[in-house]
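Let the hints inform the model, and build the full structure from the sequences given.
In order, the protein sequence lines correspond to chains V and R. Quick note, the first sequence lines up with residues -1 to 285 if you use my numbering. Quick note, the second sequence lines up with residues 72 to 231 if you use my numbering.
There may be inaccurate statements among the hints.
A partial selection of chain R residues facing chain V, derived with a Cβ cut-off under 7 Å [unchecked claim]:
(1) Gly83
(2) Val85
(3) Gln88
(4) Asp93
(5) His94
(6) Gln132
(7) Phe135
(8) Ser136
(9) Ala137
(10) Thr165
(11) Thr168
(12) Ala183
(13) Phe184
(14) Thr194
(15) Ser200
(16) Ile201
Note that these hints are calculated values from the structure, not bench results. Note that the coordinates shown come from a computational prediction; the quantities given were computed from them, not determined experimentally. Cβ atoms here follow ideal geometry from the backbone N, Cα and C, with glycine treated the same way.
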Amino acid sequence: MFRSTSGTRRVLLVLCALLLSLVFVLPKQSHTLLQAVGKPLADIVTIPLKLLFSADSRVEAVWDRYVALRGVREENEQLRREIEFLRGQAADLREMAAANRRLTELLRFQAHTPSQTVAARVIGRDATNWYRGVVLDKGEQDGVRTEMGVVTLAGAVGRVVKTRASSSVVLLITDPNNAVTSLIQRTRDEGIIEGTFGGQARMKYIPLLSTVRVGDPVVTSGLTGGFPKGVPVGTITSIQKDEGGLFQTADVRPEVDFTKVEEVLVVTAPRSTGEPSADSPEENNKP
Amino acid sequence: MKLLLYFGLALGLVPIQSTVLDHLSVAGVRPDLCLIAVSLIGFFGGAGDGVLMGVLLGFEQDLFSAGDAWVSVITKAAIGLSGGLVARYVARATPATVAPMMMGFSVCSGMAFLFAGAGGPDTMTAVQSILAPQAVLDGVFGVAAYWVLAERFRKDDSLV
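See the structure below:
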């Protein structure tokens, strides 16, 4: 067995020597021959090569992904933090933009209204459940005094009932303890607006002969309550006429959404200084 | 520690009541944190502490309310005193005994407000829409606060 193997070995060695001599002597022809002989071998070797390459690629991919994931995880966390920060910034910017819009409108309103006003921000609600009130960030040092009217773009809000150096408390027109003289815009009939427990308002003492209708707008009369004349109060939603009563009563839906009031104007002087006041003789003599 | 707690309550409770607590309101009615705090201070700290904190918190509450400047001072001081007195006569307090106490205090306080004319002319509507729901809320929040405080004191006792 050993001998035959040794013989085969010798034969193979001789063939190799011949092949090498052929390569040296006839390089071009030998190249073609080698290619022709090596082709099937190459095809065979290609199979495990592909397998190995595939396996290696997978391992490499898994490895890369694992290694990369470690980085990605940190990057992801960082990006999340950045997203949170940017979201917060976006929310802040949206809030600032909304506040800017509101304040611009308020300033425009302040510029066009004939009354002298002080802009204030609502910083809290009444500390008890028993009154419908809001706390403003402006007080006596800003010229705010009790009994001054408080308005927004939408309409009347209430009147100042307490003042301190840098804050004040406003009783809303929807509080049952509040009373503001108002008039029905269409019929010019006067009445008194009082609050109800449902967060609405009621107009009392409307003359019996008044032709008031549902949907009529109600505005301030400018006589009392520190409001200028013509500030919207609300819209009449229903009318009650008591049998044998001397007056009519109407339910009024306020123009202002009191749950969303953020900035207001405190009317420090219901009319501008150039305009005659409500009780001035000039106005009283007008037809 | 106690002084620090009282100081914190005096500074923080009324602002919380008039700002953050608005989000917890049920049909526009919020629990009265000052009432709950004062009654529990009276209950745990004694009538003297209850009266002092009642006057202080009541005064602050009146400052930030559209109502008269005495109603909360009087009611909160009386509640602080009552909390202290109740604690003397209750042998073993449980949430079941604290709840009616808190609701009773809330009803008495509400009646004082009604007496001061806070609810307007329609008293029955005021009772239904403010007094009764507030009493329930004060009872619930009061029991929760009592439970937290009682647990804390129990833990402190076990440490001693």
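Going down the list of hints, with the structure as the test:
1. Gly83: violated (13 Å)
2. Val85: Constraint on R:Val85 satisfied, holds at 6 Å.
3. Gln88: At 5 Å from the nearest chain V Cβ, R:Gln88 passes the 7 Å test, so the hint holds.
4. Asp93: holds (5 Å)
5. His94: violated (11 Å)
6. Gln132: holds (4 Å)
7. Phe135: holds (4 Å)
8. Ser136: holds (5 Å)
9. Ala137: holds (4 Å)
10. Thr165: violated (28 Å)
11. Thr168: violated (25 Å)
12. Ala183: Constraint on R:Ala183 not satisfied, violated at 10 Å.
13. Phe184: Where the cut-off is 7 Å and the nearest Cβ of chain V is about 4 Å from R:Phe184, the hint holds.
14. Thr194: violated (11 Å)
15. Ser200: Holds. Min distance 5 Å.
16. Ile201: holds (5 Å)
When the structure is compared with the earlier hints, violations turn up for hints 1, 5, 10, 11, 12, 14 and for no others.
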